[in-house]
Amino acid sequence: MTEEIIIAGFGGQGVLSMGKILAYSGAMQDKEVSWMPSYGPEMRGGTANVSVIISDERISSPIISQFDTAIILNQQSLDKFQSAVKPGGILLYDPNGVFNPPTRKDINIYKVAATEKASELGMAKVFNMIVLGAFLQVKPVVTEEFIEKGLLKSLPERHHKMIPENLKAVQTGKAIVETVHVL
Amino acid sequence: MAKELKLMKGNEAIAEAAIRSGCDGYFGYPITPQSEVMEHLMIEKPWETTGMVVLQAESETSSINMVYGGAGVGKKVMTSSSSPGISLMQEGLTYLAGAELPALIVNVVRGGPGLGTIQPSQADYFQAVKGGGHGDYQMYVLAPASVQEMYDFVFKAWEIAFKYRNPVMILSDGAIGQVMEKLYVGPHIPRWTEEELRKNAPWASCGKPTSRDHNIITSLDLDSAKQEEHNHKLQAKYREMEEKEVLFETINCEDAEYIFVAYGSSARIAQKAIQLGREKGIKVGLLRLITLFPFPKKQVAEFSKKVKGMLAVEMSAGQMVEDVRLAAEFRCPIEHFGRYGGIIHTPHEVLEALEEKIIKG
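Quick note, the sequences are listed as chains A and B, same order.
All the letters of the first sequence, read from the start, carry residue numbers 1 to 183 under this note's numbering.
All the letters of the second sequence, read from the start, carry residue numbers 1 to 361 under this note's numbering.
No lab work stands behind these hints: they were computed from the structure.
One thing to keep in mind: the hints can contain errors.
[Said to hold, decoys possible] Quick list of in silico lysine-lysine cross-link-like pairs, DSS-like style, CA-CA up to 25 Å:
1) Lys149(A) <-> Lys280(B)
2) Lys149(A) <-> Lys6(B)
3) Lys149(A) <-> Lys3(B)
4) Lys139(A) <-> Lys174(A)
5) Lys86(A) <-> Lys280(B)
6) Lys153(A) <-> Lys226(B)
7) Lys153(A) <-> Lys280(B)
8) Lys153(A) <-> Lys6(B)
9) Lys182(B) <-> Lys139(A)
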């Protein structure tokens with residue numbers, strides 16, 4: 001199994017940390033992992049993306065241009081990465097602020113209204129974990145047990161009290177992800 | 001002792017290795033994409049545990065001269081920077097080489113020329129292996145292709161630096177510096193005691209006992225005959241490195257009709273291109289350079305007698321390819337491919353270049 005994932009959105013949405021938690025969880029589950037950020041002069045408000053690879057084998061290149069899964073959190077990223085999903089792959093997006101939804105018919109498209117749900121439940125801080133939960137529902141590349149271990153390892157100790165809320169957000173994401181049929 | 005698993009960026013691995021390998025001092029000045037080296041040192045505060053000094057100098061020029069000072073008294077000292085900062089250090093590097101001082105310099109290369117960009121590049125190959133500073137000198141140049149190698153090569157660097165009394169450069173790039181991968185770290189190696197230092201670096205200028213003459217650390221000798229003799233000694237040392245210290249790796253080369261030659265992040269990308277190529281029935285392998293100086297001339301020459309062509313893959317306009325051509329003596333077609341100025345080529349682009357430039361060629 002090798003899963004090549006791109007996570008893309010605005011800086012400040014937790015794109016890089018979502019990738020990090022996923023990578024840590026994979027590492028805890030004894031998988032090979034890589035986490036390659038697009039680093040740039042932009043911070044909050046600019047675009048941010050990270051490629052995460054989780055594999056049973058040694059990872060050749062952490063730098064890739066085609067993905068099994070794209071997790072998309074804004075319109076710019078959707079425009080940029082829709083065509084980079086391999087045929088038969090997965091595109092998961094948050095419809096918030098997306099006015100031109102995805103159109104490809106040769107990939108599996110899912111949406112998760114994470115922004116809306118996070119604000120409804122007052123969970124803005126763990127918005128990214130709702131998205132991660134949605135992804136894991138669609139493709140369980142790591143099991144929940146290891147997500148918890150990944151959180152323990154990747155979060156500084158002072159934030160460990162937030163872990164239950166993070167795990168709740170994962171559950172929320174799993175429950176609200178929807179399949180999208182492109183007509 | 002069991003190895004401990006961590007998940008770290010390449011830059012952080014350099015810092016972690018510095019602490020665990022018994023480094024005495026780090027002197028640096030922040031620059032993207034390698035600032036996590038000093039950042040990680042500042043978080044770990046090794047001055048409270050191992051006694052290692054970590055100092056932010058006022059410039060790269062200052063950092064490299066602090067390295068010269070530390071190395072002169074036999075300490076394991078290092079600096080790190082990225083391309084524009086390394087350019088500023090060139091005078092210091094040739095002085096280190098001339099004075100035969102062991103030291104570690106890490107270059108996490110970004111796109112140039114000039115201030116260029118902060119994105120990854122491999123366009124500092126010439127600077128690292130052909131001088132950069134003046135005079136006939138060589139650094140031992142290691143090219144890590146993973147976070148684990150960023151860590152391991154710090155240990156290797158001390159070994160070579162003190163064995164040959166020579167500066168060692170780890171030539172990395174923004175991609176390997178920024179990527180996070182699994183890393184196995186070993187136990188801490190303590191810093192040398194004063195007695196160990198005097199034993200391991202008897203040439204060091206760290207206080208003269210009555211039992212011996214002055215140890216003099218200098219790159220200056222106005223007597224040209226002596227300077228030529230000194231140069232002979234340096235050249236003999238470089239030839240010995242070429243004889244004994246070449247490192248490389250071959251991947252999928254057993255049945256290969258075509259060979260990628262690459263180092264660092266391009267070598268990782270080439271490995272993916274090999275997978276894609278082999279799915280299409282193209283028998284391609286990789287010669288991954290681990291030392292850039294000494295260059296694996298013999299290996300390149302051997303492949304040039306066996307294969308139908310080689311593609312040098314590097315994120316530059318074509319630097320390493322010159323050494324590949326020299327070593328292969330034009331026995332087979334050799335072309336260059338690479339994006340540059342901060343753009344990273346994709347595995348698909350690399351494979352396409354092989355098909356266009358070599359196979360159809």
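Determine which of the earlier numbered hints do not hold for this structure and return their numbers in increasing order.
1, 6, 7
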